[in-house]
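Heads up: the sequence lines are chains R and G, in that order. Read in my numbering, the first sequence has 31 at position 31, and its numbers run on one by one without any break. To convert a position in the second sequence, counted from 1, into my numbering, add 1000.
One or more of the hints may lead you astray.
[What the hints assert, rightly or not] Each computed PhoX-like pair below joins lysine-lysine, with the alpha-carbon atoms no more than 25 Å apart:
#1 LYS40/R x LYS1164/G
#2 LYS40/R x LYS1128/G
#3 LYS1103/G x LYS34/R
Because the hints were derived from the structure by calculation, they are not lab data.
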Amino acid sequence: MKNVKILATAAAVAVAAGCAHMGGSGDSEAQRAKALALMKSSFKEHGQAKLDRLDQDEVQKTCSQYHGEQVIPKDVAQKLEAAQLASIKYPADGKYLGDWKAGEKIAQTGVGMQYSDDPKNPSGGNCYACHELTKAEVSYGTIGPSLYNFGKIRGFTPEMQKYAYGKVYNSEAFSACSNMPRFGAHHILTEKQIQDVVALLMDPASPVNK
Amino acid sequence: MNRTRPAALGIAVVAAAAAFGVLAQKPDDHLSKSTAVQEIEKYRAALGDGNPAELWEARGEDLWKQKRGPRNVSLEQCDLGLGAGVVKGAYTVLPKYFADSGKVEDLESRLVTCMVNLQGFTAEQAKKDPFGGPGKKVPMDALVAYITSQSRGMKMNVAASHPKEQEAYDLGKEIFFFRGGPHDFGCVTCHGNDNMRIRLQDLPNLTKPEDAKRAYTSWPAYRVSQGEVRSFQWRLNDCFRQQRFPELEFVSPASIALTMFLAKNANGGVFDAPSIKR
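For reference, chain G alone in the conformation it holds in the complex (with noise of 0.2 Å):
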């Protein structure tokens, strides 16, 4: 199942692309555009039945409920924002600021804080893998879809409430109109306008509450095209990557002052993720 899967995507995908191709084959006509565009919409329902996501979150579920670390005990009692052990919603209040790591933290920084705090893990072992790729597949990647499927079908209601909290938002906002690197390119080059396409793909408004809702809700997603759960951290680092930046941390201060300012700007929407995308 989980090799005959991706392959059968795979099909889909070429499938729809080469529709798509036929389609937009008249640029100038904008009814065949949306026509276009609504045919992807079909297909990405299509692929929402069969989400492969479904076996990082079955695999997560049991990465979360077994015992594990230098202490062998799990993750059951970790605290991700709405109190030990509650993982329904959880991902709806983050990032949030914690009073035992006098931090605000996104999920994935807080589910390195319990490795460190319940199993005993050292920071640096709790970090060390964070993205899966060709043959690696990791437990955080695991960990993170199990807990943001404990979320779909309920509104993002992130407090920025608490003054380090609004800190990181506004901290979150400077990093996300920072332009610079060789090609001057920040957030806002691409998700900062309505309607822009980078080549054939939609770039949400990142500053618009419609589009940020739309978008954030949307991650961690199943990857076809790279046959992986890829989490929001994922999502910033690769952002950066093509913004020609150095490489952002995995659970740096940076990053998650940036998702407190992309979620907060979420709040409101509903949750649908961990979801399906090209």
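Isolated chain R (complex conformation) (with noise of 0.2 Å):
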């Protein structure tokens, strides 16, 4: 009976525990699959965009729960974290810089993954809609920090080329919750792609770092 009792209060902690670890404005388990039924309900696959890509992961799940005043509690964020690190994926030669020029084009660009893209092209990273980068391009987002002088800011180091490679292959690995795509993990940009934006944050003949 007392062990009953004990079983009891814990299951309730627990609860409780869940529910504040559900975030939200006092959105629900419930009410959040509610939303997700009625979101396919609402969409038609086009193109390369199939009804999948409503289907979330945990880092998608988590963080749909966490805006405004609900920050992510850090025990949350950390597990996060270390999952998404270790799923990174770096290059088996160890070299992490590939052709600056390369790199900027893929930062210039925006196109793919969008139901009005060829998946035959290539997509870009479109960094500049979120990122300063070079002095040269002005039409820059601020969604993101300014990475201009990245490299000449940290340093040009090997584990910095290596933490550039991982934040654009996983940018979740480092931040929970980031705007930022996972440009590796989610297979936007190929390995080769990736050194190329490496390189125009960490190359110093790159104009980020002029």
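Quick one: dock chain against chain with the hints and give me the complex.
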């Protein structure tokens, strides 16, 4: 009897803790399931964009719950980052730097993965949509931080090259619920393309570091 | 007139873009940036004097009064939310629950309902051409332009009090914060923070009343770059395309729920559309 009581209490605490982790403003699991069902009945496949794009992975599920004043709890964030970090595939030959000129082109172009895009063409990274990178390009967004002088400020070290590669590959590994797409993990950019973008950030000759 | 106007606007756009380019040469200088923004606002105000959306509004008024469909009747008895035939101010109360359809409806959805119930079109026919394109002018865009124009200068006043309306609002909120697809994007990615830009385009924070009012009351809009009046349904459809989601279906329940969330957040804002945008 006593054991049952303890179990019941433990269960109640677990439920309360679970609720606290759900975040949002009182939105519940049931509410989110209802919204997803509504979305599934409201979108249609178009070209390469199939309905499975509405199936969220753990990162998307978690990050959809925290917004505004609902900040992701530290332990949840750390767990999420650790799992994403473990999934990063670094280049087998340990080479992180490609061609910064090719990287600049990737940073400029935003095509790829929209249902209006031809999936046969390579995707862009569209870095300038959110980041300042070079002084030559004044049309840059401010959703992400300025990356001007990225390598110059942080040092042109192999460790920093590796970090930059990992960040572009999977930004969630370093900053839970970042707005930045996981370019490698989600196969938006190829290994070579990420190396080129890393060169744009880390090559001393790149205009980013001028 | 229909032909010359967009051409003249095109020149104005190039001129304004060039002016902005010069002003934006010093990106570190905050003062020059705000001057650039002021210049763009001036340019927009100048465009507003001759908004080609008026052509859509005029065509929409004709279509509203014209006998159409298998039953050969007009839409003049359509209840848009303020009673049968009331167009003035109707857009300020939408989306809204309608007892006759048993659904929460936005303007576009309500027009489909009236085209079916009054004019005898099938739902498929009524929804067939939701958006215009090159060489294709569609009745829906014109009707939307006309009806929304009749709320210009009036305050947004969405009730969201009926349980079905509240349900739509809550679901719309979930959809707004829903991140997914290959890029992990949601509406919130671009519209959840203050003072953000994508490239040089300012992004309203739609979770804040002031931005929500300003943004919502500026749709529909004549898009200079496309030469079309774009409805709110189009706006949502194109946002999800850029989010890399599948295609949002015209007047789908999710589209209406999201509209309810955004429209109610804009309550109190003075409606000022069809507007004109780049």
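Each hint tested on the structure:
Between LYS40/R and LYS1164/G the CA atoms are separated by roughly 19 Å; this keeps the pair inside 25 Å, and the hint holds. Of the pairs offered as hints, the one joining LYS40/R and LYS1128/G holds, with about 21 Å between alpha carbons and a cut-off of 25 Å not exceeded. Annotation: proposed proximity of LYS1103/G to LYS34/R holds, straight-line Cα distance about 16 Å (limit 25 Å).
Of the numbered hints listed earlier, not one is contradicted by the structure.
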